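Protein chains: 2
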Amino acid sequence: MTRVPEPLLPPIVIDDFRPRTPSGAFPAKVVEGEPVRVSADIYTDGHDELRAVARIHLATGPGSATWAEHPMTAVGNDRWEAVVTFDRAGRHEVVVEAWVDLEATWARDARIMLDAGQEPPPRRSDHVAPTGRHSTGGPHPVWVDRPRAVAGAWYELFPRSEGGFAGTAERLVEVAAMGFDVVYLPPVHPIGRTQRKGPDNTLAAGPGDPGSPWAIGGPEGGHTAVHPDLGTLDDFDRLVARARQLGLEIALDYALQCSPDHPWVSEHPAWFHHRADGSIAHAANPPKQYQDIYPLDFWPSDEAERRGLWQACREIVEFWVSHGVRIFLVDNPHTKPMAFWAWLIPAVQSLHPDVLFLSEAFTRPKVMVKLAEVGFSQSYTYFTWRRTKAELTSYVTELTSEPLVDHFRPAFWPNTPDILAGPLRGGNLAAFRLRLLLAATLVPTYGIYSGFELGENQPRSEHDEEYAHSEKYEIKARDWSAADSLAPFITEVNRARRAHPALRSLRNIAFCDSANDLVLAYARWSDDLADVVLVVVNLDPDGVQEDTVWLDLERLGLPARTPFVAYDELRGETYSWVGAAQYVRLDPAVGPGHLLHLRPVR
Amino acid sequence: MTRVPEPLLPPIVIDDFRPRTPSGAFPAKVVEGEPVRVSADIYTDGHDELRAVARIHLATGPGSATWAEHPMTAVGNDRWEAVVTFDRAGRHEVVVEAWVDLEATWARDARIMLDAGQEPPPRRSDHVAPTGRHSTGGPHPVWVDRPRAVAGAWYELFPRSEGGFAGTAERLVEVAAMGFDVVYLPPVHPIGRTQRKGPDNTLAAGPGDPGSPWAIGGPEGGHTAVHPDLGTLDDFDRLVARARQLGLEIALDYALQCSPDHPWVSEHPAWFHHRADGSIAHAANPPKQYQDIYPLDFWPSDEAERRGLWQACREIVEFWVSHGVRIFLVDNPHTKPMAFWAWLIPAVQSLHPDVLFLSEAFTRPKVMVKLAEVGFSQSYTYFTWRRTKAELTSYVTELTSEPLVDHFRPAFWPNTPDILAGPLRGGNLAAFRLRLLLAATLVPTYGIYSGFELGENQPRSEHDEEYAHSEKYEIKARDWSAADSLAPFITEVNRARRAHPALRSLRNIAFCDSANDLVLAYARWSDDLADVVLVVVNLDPDGVQEDTVWLDLERLGLPARTPFVAYDELRGETYSWVGAAQYVRLDPAVGPGHLLHLRPVR
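Residue numbers (the numbering used here), protein chains in the order written: chain A, 1 to 602; chain B, 1 to 602.
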């Protein structure tokens, strides 16, 4: 019965470290240059004075031996924190160290005892503190991204509708002029012939039908080839270079599936699912059948084949990275194993910490969040289906609060090639304007699919969210010079986004009290309060709405009783406001709302 | 650059297992016989049918090879659960297993395809599901206590005021008659002479002063000896046996500190803190000085001494366990290392799974909760300082919700020898009745310190919460036969507690809407809804209060429009009620409120 007691815990408790992901098993995410609150519960038994520091280093590479030390301060309720800024992308580790400070304990007690007329013990022979107790917590992993992981304006276009890579390079001038940061291209690879889809997803393609870009692979090659109709790989390289000249980045679709004509089908049959007769099975979610696509089997029974497939998928990314691509929009990641992403993304980012992966998943909530936890830099969201004041307030509050804010970076897309939803279905231009203003100002990343600015609003049917004559199956010609194009409006919104750091942080947002359910108002601000923005949106595209919006002036660093300035970035008008209650009148014929820069009178 | 891809995650995600403690590093706690919801998020990529089971075994001892298997069911939002009952105290482990069910997937798809006029693939050569994917989560530790860990009525008394062990054995008859389950004794060990405290905590004890029982140890022995004035160890054994006869359990104080006369002081000087001159330091929290107590140094610089001290502390517990004690009330556990408790409690319980430890800590919230997480079976609470309707509602809701409900078992004590607080200070008997009714019915464990039933209400001063003429420093004589004793009222409350399983579960409580801030109403129920209790308390000891209380009849399994029975356990009256809104009129001269058994008409 003699057991030697070994402590399971260190002398000082260090608990509940933040930032962290829900399971704690993956790195929390932050961005370069953004102040981050690093915190933990720290306490011990007795009354001794504690000290704590957060030590941080880049976990890999030549700089990893250097640890920066940040003193932590007690902020109440046994919580300690330090505000730190990570200045380099890559995997970091944070170690929290805490110890009993014998000197400080003695000094504090001596002062109290002298005040009480007692005789303090001699210095440093303190009778309260035993030998200096010391604990270490961590290392806690933190992944640092470049800022584009959190903030950016995206524009999606089909290169084949713009005249291939060369035509797209020309179109980029206009996209850049609208103020976008990222241009996202659907797959640019050869498209299969077998079971090619016709217009509107019909089963029989005519000889001139181009097929779906997501039916990847043909005799010309697979995921590392480009479709001959778009140009050559050199043309693609020129497109990437032109984008860079214009201050744009090219994001590429990463869709891990194959047409029946993909080279892998003959070279690696073990990477696909097989029927009883040995033939390869196409994708299906009965009764839906996707005859033009073979899904990959990420768990082939032969372990060597599994490793081969996973490595081949990684090499696709490496290939496009070598051609200057740093952002990958991952098609339907929820239909591939979570384990695959948990391996692939860190494997790529360990060599290329500036590479970003966007999860293009519209699926169940737990799955959406887990994809972010295991490594996705950014995620599609339910924004498209959140329309009322209550829905938007609740959803954005969830996205900008712990635990999500520490690892899930939302992207708000009013439309995509797959989704024409809500007020945009048959909607007027006012509906398009209001959804864009919401998307562009509620969170730091938003995107539109081309045609949005022309108010394209025709659904394929009442029953699904597809577009009529979807660009996924045919080539579109559009008149970008249309008189009622929303391009000038979008340009103004993007200009305001670039002018205001408040609109590029995910953390600082507060919804304003107001009585009218068709008016949504929210304030956003930079960490130092040097920049404060108020957005007031009319959720009704068809009617004038009036309301009184209540501002939390103290939180926004604005005076309670003297005037402050409200400058409307969209209308170019300046108001002098006094007090927390502000009346607004929003006419959809004039615009979707206010985008106001608030500042004290200088 | 060739890296062999190894999956970090299994094919099926198993996440967020419950029950669990906040850090996940310690066992969650349940009790024998109580239905427990075991749950996890379980999902995988694609559309295949999943199956999941929870496998459970006792982790130690001869039964550990036997695993019980409980099928889990999907309850929405990717959550799966099984309701299980643990029937034996001790450390258990729960493993969650999930797998893709190829047969079920095939059957589901075949049915859908046939309905859609498609031809399904042959059975078991399913083209959607690859080789049977399979994942395991855990093992997750769960500690199972006997029910007394959660539910019980406690009575604290000083044996020296009752005539030692023999007199206490007689007094137990009355305590048992009042319906208590546990009798808790302050330390029964020899008391030091050096620096002994006099009445009211004065520094100079007179020759007849008995000193504080917490100044443990004298020439007669230390923590494993009994004070000669109380009787012999045989007398103590007889007291334990008598308690058992009466259906009572003896709980012993476990106070790890020594008087200057404790044998350890000379035998193990290294276990104490030393001043510069080599002398041993008394306890202090400047300017407060506790001259009659030497605290132990749980981290002596010599590791062998640390092990010796920790082992000796454990042997104290083992000694009293060998004398029939199974509950230890731990004095000020927050002044000893968390690491010590994280080692001691499982070490004792691994041999004696029926032993319970109550944390007698009134300290900061994070520390209170962590003591429970590392192993304490039950915990003192802030009940004494929660008095208003809002405070009580919010506090009890926190205690009965995740994450606390999975590891922290609250004990509500209206008074203790250290604390005379709130409405009891100079309060009338109505105040005592209302605080008792709250404590006895808000959570399953409550306790009083003797004298409560006599309405002892005199504080030592306006500035502290001590009693005048505290029993901690002197022997008290009381007239238990006083005409206005609350003993009959307490007896009725304890009888109702024993009659109603609803009052012995920590999980099922709902506060009722009502307009009057001085009326608190709450329903409690057994898991199977076979027992439903409604408590309505007048928080005003001085005036009549009226209110309309709203019941959630659907949740309580009661009819919405036809009569149901409300039987008042305290007044012995039966009412026929109809509907959710019930008017109450509460006169403190009649009683503190209603304790109603609600049931459908049979």
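Bear in mind the hints are in silico, worked out from the structure with no lab data behind them. From a predicted model like this one, the values you see are computed outputs, not experimental measurements. Misleading hints may appear alongside valid ones.
[To be verified] Which stretches of chain A does chain B cover? Using the computed rule of at least three CB atoms under 8 angstroms from a CB of chain B, they are:
no.: 1; region: 258-266
no.: 2; region: 277-287
no.: 3; region: 324-338
no.: 4; region: 367-374
no.: 5; region: 381-390
no.: 6; region: 419-426
Quick reminder that beta carbons are idealized off the backbone N, C-alpha and C, glycines included.
Margin query: Need the list of violated hint numbers for this structure, in ascending order.
Written below: As far as the earlier hints go, 1, 5 and 6 are violated by this structure, in ascending order.
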